[in-house]
Structure formats: C-alpha cells, structure tokens
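Please model the entire structure based on the sequences and the hints provided.
Numbering of the sequence shown is given in full-length UniProt numbering, commencing with residue 1 and proceeding in unit increments.
Do not rely on the hints blindly, as some may be mistaken.
In silico lysine to aspartate or glutamate, EDC-like type, Cα no more than 16 Å apart, as pairs [as the list claims (entries may be wrong)]: (1) Lys180 x Asp235; (2) Lys227 x Glu308; (3) Lys42 x Asp61; (4) Lys238 x Asp196; (5) Lys18 x Asp209; (6) Lys293 x Glu272; (7) Lys213 x Asp275; (8) Lys325 x Asp209; (9) Lys18 x Glu45; (10) Lys27 x Asp209.
The following label-pair restraints were derived from C-beta to C-beta distances [claimed, not checked]: (11) Gly74 x Pro242: 50 to 58 Å; (12) Ile248 x His316: 24 to 32 Å; (13) Leu257 x Asn93: 21 to 29 Å; (14) Glu321 x Phe178: 18 to 26 Å; (15) Glu321 x Pro288: 45 to 53 Å; (16) Leu257 x Pro205: 22 to 30 Å.
The set of hints was computed from the structure by calculation and includes no laboratory data. Just so you know, these numbers come straight off a predicted model, no measurement behind them. Ideal Cβ placement from N, Cα and C applies to all residues, glycine included.
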Amino acid sequence: MFNHKSILITGGTGSFGKECIRILLNKYLPNKIIVYSRDELKQFEMSQQYNQNMMRYFIGDVRDGERLNMAMRGVDIVIHAAALKQVPAAEYNPMECIKTNISGAENVIKAALDNNVEKVIALSTDKAANPINLYGATKLVSDKLFTAANNIAGGQRTRFSVVRYGNVVGSRGSVVPFFKKLIDEGVKQLPVTDADMTRFWITLPHGVDFVLKAFQRMQGGEVFVPKIPSSRIVDLAKAIAPESEPIIIGIRPGEKLHETMCPADDSHLTLEFNDHYVIKPSISFFAPVNYAKNMLGEEGRPVPRGFEYSSGNNSHFLAIEELRKIIW
Numbered sequence: 001m002f003n004h005k006s007i008l009i010t011g012g013t014g015s016f017g018k019e020c021i022r023i024l025l026n027k028y029l030p031n032k033i034i035v036y037s038r039d040e041l042k043q044f045e046m047s048q049q050y051n052q053n054m055m056r057y058f059i060g061d062v063r064d065g066e067r068l069n070m071a072m073r074g075v076d077i078v079i080h081a082a083a084l085k086q087v088p089a090a091e092y093n094p095m096e097c098i099k100t101n102i103s104g105a106e107n108v109i110k111a112a113l114d115n116n117v118e119k120v121i122a123l124s125t126d127k128a129a130n131p132i133n134l135y136g137a138t139k140l141v142s143d144k145l146f147t148a149a150n151n152i153a154g155g156q157r158t159r160f161s162v163v164r165y166g167n168v169v170g171s172r173g174s175v176v177p178f179f180k181k182l183i184d185e186g187v188k189q190l191p192v193t194d195a196d197m198t199r200f201w202i203t204l205p206h207g208v209d210f211v212l213k214a215f216q217r218m219q220g221g222e223v224f225v226p227k228i229p230s231s232r233i234v235d236l237a238k239a240i241a242p243e244s245e246p247i248i249i250g251i252r253p254g255e256k257l258h259e260t261m262c263p264a265d266d267s268h269l270t271l272e273f274n275d276h277y278v279i280k281p282s283i284s285f286f287a288p289v290n291y292a293k294n295m296l297g298e299e300g301r302p303v304p305r306g307f308e309y310s311s312g313n314n315s316h317f318l319a320i321e322e323l324r325k326i327i328w
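Here you go:
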C-alpha cells in the first residue's frame with residue numbers, strides 16, 4: 001500500500017506524525033515522505049532523527065492553500081493531522097480554531113483534488129461527536145467536508161475518509177504528561193475535573209497502525225472508529241500518584257463528562273466490524289458503495305437502533321494496574 005508511494009503528512013512534527021514516520025520507514029519502502037508543518041524548530045529537530053534521502057521538510061500552514069497545493073505535487077497519499085486541538089484555547093480563540101480546522105480542511109481537499117492524490121485520511125476526534133465545544137464543532141465540520149469531498153471528486157481517483165479516536169496516551173498536551181510534570185514538581189494531589197469523568201484511550205502505535213490500516217480498508221466517505229478501552233480519570237490519577245487522593249476542581253469550559261465516538265443519532269449509519277466501527281456517510285454518492293464489506297474483504301453488520309459508543313458505557317474499562325503498564 002505504501003511502498004513506492006509519495007506520502008504527505010500535515011502537522012507532521014506532532015506526536016502522531018513522528019510515530020507515523022517511524023512506522024512507515026521501518027515497515028515500508030516509501031518513495032518520499034513530506035513533513036508539512038509551520039514550526040521550523042520542530043522540523044529541524046526532527047530532521048536530525050529522520051534524515052533519510054526520501055524525507056522532505058516543507059514549512060507551511062494548512063491555512064495557506066497555495067503553499068499546500070505546491071507541496072502536494074506528485075503526492076499519492078495524504079494524512080491530515082494538522083489541527084488546533086486544545087479545548088480551552090479554542091473557546092478563547094474561536095476564529096483561529098475555525099481558520100485552521102475548517103478552512104485548513106477545505107484547503108487540504110482542494111489541493112488533493114488539484115493534484116489528483118489517490119487517498120486522503122483526515123484525523124478526527126471523539127469530541128466531534130455531538131460536540132459541545134468549539135474544537136469538537138470545527139472537527140465535525142471538517143469530517144463533513146472530507147465526506148462530501150468524495151462527491152466533489154466525481155470521476156477523479158481521489159478518495160477521502162476520516163479516522164476518529166480518543167485521547168492518545170502520552171501525546172503532547174494530553175493529561176498524562178501533565179500529571180507526570182506535576183508529580184515531578186512535587187505536587188501532592190493531582191487535579192481532576194470530575195470524579196465520574198471517563199475518557200477513551202489509545203496508544204500512539206495503535207493509533208498510527210489503525211490509520212494506516214484504514215487506507216487499505218477505505219472506499220471513501222467512511223468514518224472509521226477503533227474499539228479501544230476507557231478509563232475513569234480518577235483511576236488515571238491514582239495510577240500515576242497511588243499514594244494520594246486526587247482533588248476535584250470542576251469541569252473546564254467545553255468539557256464533557258463522557259466522550260462519544262458513535263452517537264446514537266448515527267446508529268442507523270453505524271456498522272460493527274471485528275475491531276472497529278464504521279459510520280457511513282449520511283449523504284448519497286454518485287456511485288453506490290457497499291460499506292458493509294471493505295476493501296480488505298472484512299464484513300460488518302448494522303448495530304442496534306439507538307446504539308451509542310461512549311467512554312461511559314464502554315464494555316472495556318482499564319483497571320489501575322493496566323493504566324500503570326500503559327503509562328510507564
């Protein structure tokens with residue numbers, strides 16, 4: 001799938017991009033990997049680790065459609081990982097979040113179509129399902145843009161899909177490194193927003209592997225959702241600081257008590273596969289697609305009406321000891 005292909009990763013200097021490049025270089029023989037991001041220092045640091053001949057480092061912002069179009073010349077596969085992701089920051093800087101997450105998504109789609117890219121997968125988030133914060137709302141709009149782009153493509157070969165998953169253990173800006181930093185600073189009680197709060201968790205290698213597998217599975221228009229475990233945030237705090245009780249500080253602006261990846265309102269569109277779910281597009285495409293059987297021949301079945309895949313009703317919860325193994 002990725003051998004002898006040219007691959008571009010937007011936001012490629014982030015946690016996902018670094019792990020994705022490591023896996024691509026170890027498992028495949030890509031013709032070219034383009035890291036597209038706006039941070040020159042991170043690109044310089046990354047180039048010290050990944051300096052193979054096929055590596056390319058392009059300074060650019062997804063807000064800049066012209067630069068993005070130029071970067072996609074000759075590209076076969078695009079992974080769109082660039083986004084403004086911090087919930088409170090988005091609440092206080094709404095237009096900046098909209099420019100990157102919505103206008104940037106539109107620019108990625110236009111550039112992919114203009115350059116006849118073969119496949120595009122956009123990374124989404126559990127916060128895009130039934131969003132209550134601006135970040136989640138912008139990612140829902142982004143998801144809809146990438147789904148509808150398959151109709152815009154018409155007879156072109158370009159196909160677009162979305163991968164939606166939960167919090168990545170240890171990723172930059174996530175709660176795990178934040179908690180560890182507080183412990184290193186001597187904090188005796190870790191701050192937890194609500195005693196009942198739950199979240200989905202996925203490791204970075206699992207997230208990357210799932211995205212790469214989605215390229216093999218995709219037909220265009222799907223939202224892929226992995227089956228992953230949940231945990232209570234208080235259990236996470238106890239896994240990191242077992243000798244102390246967390247302190248409850250209250251839910252922050254735009255936060256949910258539980259996150260959802262497959263909303264009940266989409267149950268009529270949701271298919272269950274062995275290790276993942278697929279949410280079919282709500283719109284009809286110019287050519288009918290049988291999403292119940294993917295490009296790898298895997299078959300899914302409809303979920304019951306009203307089914308919801310939430311971090312609060314998940315069948316797989318991580319115990320404190322399991323969390324310790326993942327974290328450390």
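Each hint, compared with the structure:
Note on Lys180 and Asp235: the hinted pairing holds, with a Cα-Cα distance of about 14 Å set against a maximum of 16 Å. With a C-alpha separation of about 13 Å, the suggested pairing of Lys227 with Glu308 holds against the 16 Å cut-off. Of the pairs offered as hints, the one joining Lys42 and Asp61 holds, with about 14 Å between alpha carbons and a cut-off of 16 Å not exceeded. Our distance criterion of 16 Å between C-alpha atoms is met by Lys238 and Asp196, whose separation comes to about 14 Å.
Note on Lys18 and Asp209: the hinted pairing holds, with a Cα-Cα distance of about 13 Å set against a maximum of 16 Å. Restraint check for Lys293 and Glu272: satisfied, since their Cα atoms lie roughly 11 Å apart, inside the 16 Å limit. Between Lys213 and Asp275 the alpha-carbon distance is near 11 Å, which keeps this suggested pair within the 16 Å criterion. Between the alpha carbons of Lys325 and Asp209 the distance comes to roughly 20 Å, so the proposed pair goes past 16 Å and is violated.
Between Lys18 and Glu45 the CA atoms are separated by roughly 11 Å; this keeps the pair inside 16 Å, and the hint holds. Proximity of Lys27 to Asp209 is assessed by CA-CA distance (about 11 Å); at most 16 Å being required, the pair is judged to hold. For the pair Gly74 and Pro242, the beta carbons lie near 52 Å from each other, so the given range of 50 to 58 Å is met. Between Ile248 and His316 the beta carbon distance is about 25 Å. The supplied range of 24 to 32 Å therefore holds.
For Leu257 paired with Asn93, a C-beta distance near 24 Å keeps the hint of 21 to 29 Å intact. For the pair Glu321 and Phe178, the supplied restraint of 18 to 26 Å holds, since their beta-carbon distance comes to about 22 Å. Between Glu321 and Pro288 the Cβ separation comes to about 48 Å, which falls inside the hinted range of 45 to 53 Å. Roughly 29 Å separates the CB atoms of Leu257 and Pro205, a value that falls within the hinted 22 to 30 Å.
Hint 8 from the list above is the single one not met by this structure.
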